[in-house]
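J.: Listed here are the chains, written in short residue letters.
Number of protein chains: 2
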Amino acid sequence: MDSTSPLHKQMLDRALELAHAAAQCDEVPVGAVIYDEDGQIWGEGYNLTITNADPTAHAEIVALREAGKKRGTPNLTGLMLAVSLEPCAMCAQALAWARIKEVRFAATDPKSGGVLQGAAVYTHKTCHHKPFVDHGYLAEESKLLLQTFFKAKR
Amino acid sequence: MDSTSPLHKQMLDRALELAHAAAQCDEVPVGAVIYDEDGQIWGEGYNLTITNADPTAHAEIVALREAGKKRGTPNLTGLMLAVSLEPCAMCAQALAWARIKEVRFAATDPKSGGVLQGAAVYTHKTCHHKPFVDHGYLAEESKLLLQTFFKAKR
Chain A
358 MDSTSPLHKQ MLDRALELAH AAAQCDEVPV GAVIYDEDGQ IWGEGYNLTI TNADPTAHAE
418 IVALREAGKK RGTPNLTGLM LAVSLEPCAM CAQALAWARI KEVRFAATDP KSGGVLQGAA
478 VYTHKTCHHK PFVDHGYLAE ESKLLLQTFF KAKR
Chain B
358 MDSTSPLHKQ MLDRALELAH AAAQCDEVPV GAVIYDEDGQ IWGEGYNLTI TNADPTAHAE
418 IVALREAGKK RGTPNLTGLM LAVSLEPCAM CAQALAWARI KEVRFAATDP KSGGVLQGAA
478 VYTHKTCHHK PFVDHGYLAE ESKLLLQTFF KAKR
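One line per chain: the protein sequences are A and B, in this order. Every letter in the first sequence is one number past the one before it in this note's numbering, and letter 45, counting from 1, is 402. Every letter in the second sequence is one number past the one before it in this note's numbering, and letter 39, counting from 1, is 396.
Just so you know, the hints here were simulated from the structure itself, not pulled from any lab data. Fair warning: there could be bad hints in the mix.
Since the list can't tell identical chains apart, any single copy or any two copies may satisfy a pair.
What the hints assert, rightly or not - Keeping only pairs whose Cα atoms sit at most 25 Å apart, straight-line, the calculated SDA-like set for lysine to any residue is: (1) Lys468 - Lys487; (2) Lys468 - Cys382; (3) Lys458 - Ala410; (4) Lys482 - Ala496; (5) Lys426 - Leu405; (6) Lys426 - Lys458; (7) Lys482 - Gln504; (8) Lys510 - Ala410; (9) Lys458 - Thr480; (10) Lys487 - Ile407; (11) Lys510 - Thr430; (12) Lys500 - Thr483; (13) Lys487 - Gln474; (14) Lys468 - Ala509; (15) Lys458 - Ile407; (16) Lys510 - Asp383; (17) Lys427 - Asn409; (18) Lys487 - Asn409; (19) Lys426 - His485; (20) Lys500 - His486; (21) Lys482 - Phe507; (22) Lys508 - Val385.
Nothing here was measured: the structure is a model prediction, and the numbers come from that model.
Turn these sequences into a full structure, and let the hints guide you.
T.: Right, here's the structure in full:
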């Protein structure tokens, strides 16, 4: 995956680390990081839907809310997101509202993804900001973590 | 709109009232209410994206987070939502994750809607819960409020 520079790889590594932390809390293991070109992290998060009794608390939403608070504005123009799983339609549209510049994810999500499949949020004219999207780095590692988590649940 | 019973009308009235409160705070005037069949309100909200520096703080998300907190679970099975404007893709998918039973909105949103147009979130097999959807009651009132708000902004 040529377009993944060392900075983006480092952030996807961190996202996967956060996904492991989610699993430790018995939450679906997905982690996300919001960062700038200098490598400063503005927001981080992992799934907290059960812990927080919040149906919207996906990793990306948790990270977006933290970054908004730190920046003092809902407009996160120029910032980038790394996440261990393809965002769902909720998260994909949230990233668009926040004007996130680039979205990188590890594994695709054929079941519930909203970027490459299903709602394909960034392909419609009702979406007014379309981030650059890249994916694939750490895909196998992220998929394995999710599979192991769900297997243990059954 | 035959399927809008007095209960749903009352909740859409309240949603529009909350939309007016948003305008008072200089936020895009959209309001939302989450309620059950007995008319108990579990969550309310209006746009707070600028006030809270939170790109995800649409009316529906604010209401969902409050209802989750009150119920102590992200699973809001059986609850219904009334909102003054068609949900965007973010909010539509959030309502699906929360398993909201019925979604009623006043005005359609040709520009950014995610239920009847664009991402049309509930039409894809990647969406695993599809609420009953109804709309139209108070549509003109909600549209006028939004138009007046945006006209004053220009």
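J.: All the hints need checking, so say for each whether the structure fits it.
T.: Hints, one by one, checked against the model:
1. Lys468 - Lys487: Classified as both: same-chain Cα gap 22 Å, cross-chain 15 Å, threshold 25 Å.
2. Lys468 - Cys382: within (23 Å within a copy, 39 Å between copies)
3. Lys458 - Ala410: between (30 Å within a copy, 18 Å between copies)
4. Lys482 - Ala496: Result: close only across copies, 23 Å inter versus 29 Å intra.
5. Lys426 - Leu405: Classified as both; 18 Å inside a copy, 13 Å across copies.
6. Lys426 - Lys458: Within one copy, since 18 Å is at most 25 Å while 32 Å is not.
7. Lys482 - Gln504: between (35 Å within a copy, 21 Å between copies)
8. Lys510 - Ala410: Within one copy, since 19 Å is at most 25 Å while 37 Å is not.
9. Lys458 - Thr480: within (16 Å within a copy, 28 Å between copies)
10. Lys487 - Ile407: Classified as between: cross-chain Cα gap 21 Å, same-chain 30 Å, threshold 25 Å.
11. Lys510 - Thr430: between (39 Å within a copy, 18 Å between copies)
12. Lys500 - Thr483: Answer is between; shortest inter-copy Cα gap is 17 Å, intra-copy 31 Å.
13. Lys487 - Gln474: both (15 Å within a copy, 17 Å between copies)
14. Lys468 - Ala509: within (19 Å within a copy, 43 Å between copies)
15. Lys458 - Ile407: between (29 Å within a copy, 20 Å between copies)
16. Lys510 - Asp383: Answer is within: at 9 Å inside a copy they meet the 25 Å cutoff, but 46 Å across does not.
17. Lys427 - Asn409: Both. Shortest intra-copy (21 Å) and inter-copy (11 Å) distances satisfy the 25 Å Cα cut-off.
18. Lys487 - Asn409: Between. Shortest inter-copy distance 24 Å satisfies the 25 Å Cα cut-off; intra-copy 30 Å does not.
19. Lys426 - His485: within (23 Å within a copy, 31 Å between copies)
20. Lys500 - His486: Cα proximity of Lys500 and His486: across copies only (23 Å, versus 28 Å in one copy).
21. Lys482 - Phe507: Close across copies (20 Å), not inside one copy (36 Å); limit 25 Å.
22. Lys508 - Val385: The answer is within: 12 Å in one copy meets 25 Å, while 44 Å across copies does not.
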